[in-house]
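Asks: Put the two chains together into one complex; each comes in its own frame, and the hints tell you how they fit.
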Amino acid sequence: MSPHLHILSPGLHTTIQDFGRFGFQDLGVPVAGALDFAGLRLANALVGNQPGEACLEISTLGPTLRVEADSVRLAICGPMRLMLGAAAGGERRALEADRSHRLSRGDIVEIGAVAAASVAYLAVAGGFDLAPVMGSLSTYVRAGLGPLGGKPLAVGTVLPLRAATASDSDDLALPEAMAYGGGPIRVMLGPQQDSFTDEAVATFLSAEYTVSKQADRMGLRLEGPRLAHRAGPDIASDGLVSGCIQVPGDGGPIILLADHQTTGGYAKIATVISADLPRLGRAMPGTRLSFAPVSVEQAEAARQMLEREIERRITGLRPVGAMIGIDLTALYDSNLVSGMVDAIDGE
Amino acid sequence: MDDLRIADLGDTAFSVEFGEAVDRTASAKVMGLRHAIDDAHRAGNVTGLVELVPTFRSLLVSYDPLVTRRRTIQAEVMAVAAACSDAPVTAARSWRLPVCYDDDLGPDIDAVCRAAGLSRAEMIAVHTGTDYFVYMLGFMPGFAYMGDIPEPLRLPRRSTPRVKVPAGSVAVAGSLGAVYPWDSPGGWHLLGRTPVTFFDPARTPPSLLAPGDSVRFHAVERADYEAACRDPGRLAPEHLLAEGG
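Protein chains in written order, with our numbering: chain P, 1173 to 1519; chain G, 1495 to 1739.
Isolated chain G (complex conformation) (with noise of 0.2 angstroms):
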């Protein structure tokens, strides 16, 4: 890891950054460095370290200036860059998840498909029919950054974010897809709705999606989608592993 460059964040925090491509080479990069980081903390390797959060094309290392110094830390994390390869990490877990994509589920499933040339059906196989990588979570608690979104779907965000975005709602914006885990505003494109609960404190973890996962969706009817709601039980996670996942 030759091409890295730390950025300053105060005397908490800096960031290891990769370019500026947001591709799979870049977070290949970024997920490698972040599991060697943890390997060598645990190893008692780097002291001070509060918390890694990958991000698109960088890394953010949070430590407490209490404990250690930026330059001990700093030299610390370039050591373990040093001997970090840039095998590509595979996906953690895969995950199958179902979503309905009626009208009123997904206001801009006509708008997507115009600007698209595609038939519903069509959108519906191109955008079920990819495997996503989960780059990053933001935003909110449990809010995934997937792609990428193929090309007839990638649309730039509406000009006008609506106020409140449901829970479950899947979404695009340009090569990124995202489903909104809680109510919330949004701009993104709405093209369906999935009945899973992507966030639960009481749950370890937290999170149903981490960063490095894959995420495929699958069409489900009406009836299937309100049945799932009715029973959250039916989607827990162990239950939305694809085979082998």
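If we strip away everything but chain P, and leave its shape as in the complex, we get (with noise of 0.2 angstroms):
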């Protein structure tokens, strides 16, 4: 069989992702693609891909998956519990995340529960080998668009490799994990923050919200202060974005995320800036948010400024090959690296 991953066990929500699906919305298509934008270009650079290759998605915990190729070399970008082990009388080793690893066949991953967000990626050198849908290989559950006939992974799934071999230059790693930034969340205020009351707008910018458990890929649902409306939640549907905050009847706010439709009938009272979306695209339940307000300007700075951060770490970009040899059990035992795979042995 050609070259593949074959998923041994899928994981809570893995889903194939790239930076999305643009130019449908108008045929109300939602855009859907990753959460966290700059860890799947963090994991791409690790690779050597192209930025906006498709990669997993892995939410809250992770895949199992065995290695199906005479090579290949991956890399999980994102706070991750790993397990990794050779089929062929796996000798227990650990490996981080942050970095690319060259496998062999019969390699098992284990991925466990990502520690503190709710998504990782993982690339492949070389891209999954699947066709996209209306040009985009994002994966939108709902409706079942996208490659794996739109579903997550599932016990058995085959994962196609364009690459049947890895090269054999250097692992690299991120010269430091990503900073997503703290902080109140920045928003701009709009579209509709006139159907809000002056103390919903002055509660919404002073208090504390937390992400409740009604929290997808479609949207947060926070808890928190209610949010009155002057007449009423709703508008005649208009356009949506990721980031915009609807506040249906309940007084509620609702943080829209990559699958979110592509019209809505509720009022919106800001919108989250571009810069701070992975940041709460990885955003767990209990999360504490708060929300300043910023002008667009002040917004645009910010997404520069991110792209600096993200750019920063791919020329940063070490090569790893002096460290074959230590022993990476002992460092994660001894707790001195981040971020590590474990270790099994094989079957």
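These aren't lab readings, by the way, just hints derived from the structure by calculation. Don't take each hint at face value.
[What the hints assert, rightly or not] In silico lysine to aspartate or glutamate, DMTMM-like type, Cα no more than 25 angstroms apart, as pairs:
hint	chain 1	residue 1	chain 2	residue 2
1	G	1658	G	1694
2	G	1658	P	1388
3	G	1658	G	1604
4	G	1658	P	1483
5	G	1658	P	1422
6	P	1323	G	1677
7	G	1658	G	1720
8	G	1658	G	1737
9	P	1323	P	1388
10	P	1385	P	1370
11	P	1323	G	1694
12	G	1658	G	1598
13	G	1658	G	1558
14	G	1658	G	1677
[Unchecked claim] Far from chain P by the CB rule (all over 12 angstroms, computed), these chain G residues:
hint	residue
15	1607
16	1696
17	1717
18	1724
[Stated by the list, open to error] Okay, the calculated bits of chain G under chain P, using three or more residues with CB under 8 angstroms as the criterion:
hint	region
19	1552–1559
20	1592–1606
21	1639–1646
22	1652–1665
23	1725–1734
All values reported here derive from a predicted model rather than from experimental measurement. Glycine residues also receive a C-beta, built at the ideal position from the N, C-alpha and C atoms.
Replies: If you want it as structure tokens, here you go:
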């Protein structure tokens, strides 16, 4: 069989995502795409891919997969707990996240829980050999759009690889993990801040909210002070973007993310700026959020800053060939390296 | 176009709004501006444009903030709007779509007839007697909001939405009509069902309907409906265009 990764266990909700499916929103087709576009770019950079190559987006708990190719180079970007073991008499060894690894046929990668974020990204050098659907490899599960029938990974899923082998060049590591920033989430008020009472706008910009358990790729429902509308929540349906904060009749804000519908009929008090979308895409239930208003000029400067942060890590990628031979298990056990890959014995 | 208003959607989009009313006048302005911006974009006069999403009374302009700046693209769009006429855009395509109005396929027929004070035959005559204009798509891929539903058939949404509305269900709510392209939850009143496929990612374009299209329904017998369900090839888009449509 042609080179592929064989999924032994799918994880909680693992999907293929790229930067999204643009150009069809006028037909009601959501953009979908990576919740954390910074993580997607860094994972791709670690294996030498183009920035928007499709990756596995791993939510909460990762898949277990077996390498069915002579060799493959993969990288996982994000705070993961991982297990890796060689099928052929596997000596226990540990591998880091945020760097690439050249693996061989029969190797089994067991990806555990994402530790401090809701998503992480797995890239393979050369990318997955899958046919785009409407110009994109992003998966939109609600309408079954995307590769693999628009479904998440399942037991037995075969992920074909474009590259039959991996080059024997050095693996690469991020110079430092991505910094997603802290402090209040930055928003621009609008498009319908006038639908809310002055008190509601003031409350929104001063209160603390918590991401509820109703959080998925479509959006984050927040718990916290309710926001009152001047004359009801309904508007003539209009267009939406990721980051829109809509407030239905119960007054509880919902931040829309990648799988949001293209249009909506609830008033939107504010929109999260694009520089803070990766941070929100990673936000887990229980995360506390507050909001601060910025101007469009400040938003644009923040986005430029985020790009520089991403690019600084990509230009700073360092070869890690010298690491071979180091007892990584010892490093892991002594907690000197973060985001380690643990190891299991082969079958 | 001097009656427009710009609303912010962060640093990746803004909305050009034309008043509050949902009607053909506002829609004509939205669609007119949409086509004008598309043309200007192709001519290289709008940079960084990602997508245009027309809705009832506004046009979403989304852009790449790493390619352009808000100040720049907003000025480019306003220049297009200033030169844009308000002349109504004629319907892009006219569709004729079969509907079977049997009770099990349109479970709200009785309720709608009672509320409207119409017999079933009269209700069908009213529903099939109008050309509906596709204002916009949204809610789910291929879901078209069309109007305007004639006065007697205008009802508020069901107080309790259905958990599952079958794909192909032909529905009304208020002044709007729609067909559910997928099985989904829904709160509109169901009058019948069409065997037509409204969304197919393998087709170009994937959605049967697009904003600006016109739709006319016609009643078919159960046998014809079922035959069409068994042979979807008969319902390929090219067979559904009205004469001259």
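Asks: A separate judgement is required for each hint: does it hold in the structure or not?
Replies: Checked hints:
no.	hint	in the structure
1	G:1658 - G:1694	holds, 20 angstroms
2	G:1658 - P:1388	holds, 21 angstroms
3	G:1658 - G:1604	holds, 19 angstroms
4	G:1658 - P:1483	violated, 47 angstroms
5	G:1658 - P:1422	holds, 24 angstroms
6	P:1323 - G:1677	holds, 16 angstroms
7	G:1658 - G:1720	holds, 21 angstroms
8	G:1658 - G:1737	violated, 35 angstroms
9	P:1323 - P:1388	holds, 15 angstroms
10	P:1385 - P:1370	violated, 29 angstroms
11	P:1323 - G:1694	holds, 16 angstroms
12	G:1658 - G:1598	holds, 14 angstroms
13	G:1658 - G:1558	violated, 37 angstroms
14	G:1658 - G:1677	holds, 6 angstroms
15	1607	holds, 27 angstroms
16	1696	violated, 8 angstroms
17	1717	holds, 30 angstroms
18	1724	holds, 22 angstroms
19	1552–1559	holds (count 5)
20	1592–1606	violated (count 0)
21	1639–1646	violated (count 1)
22	1652–1665	violated (count 0)
23	1725–1734	violated (count 0)
In summary, the numbered hints that this structure violates are 4, 8, 10, 13, 16, 20, 21, 22, 23.
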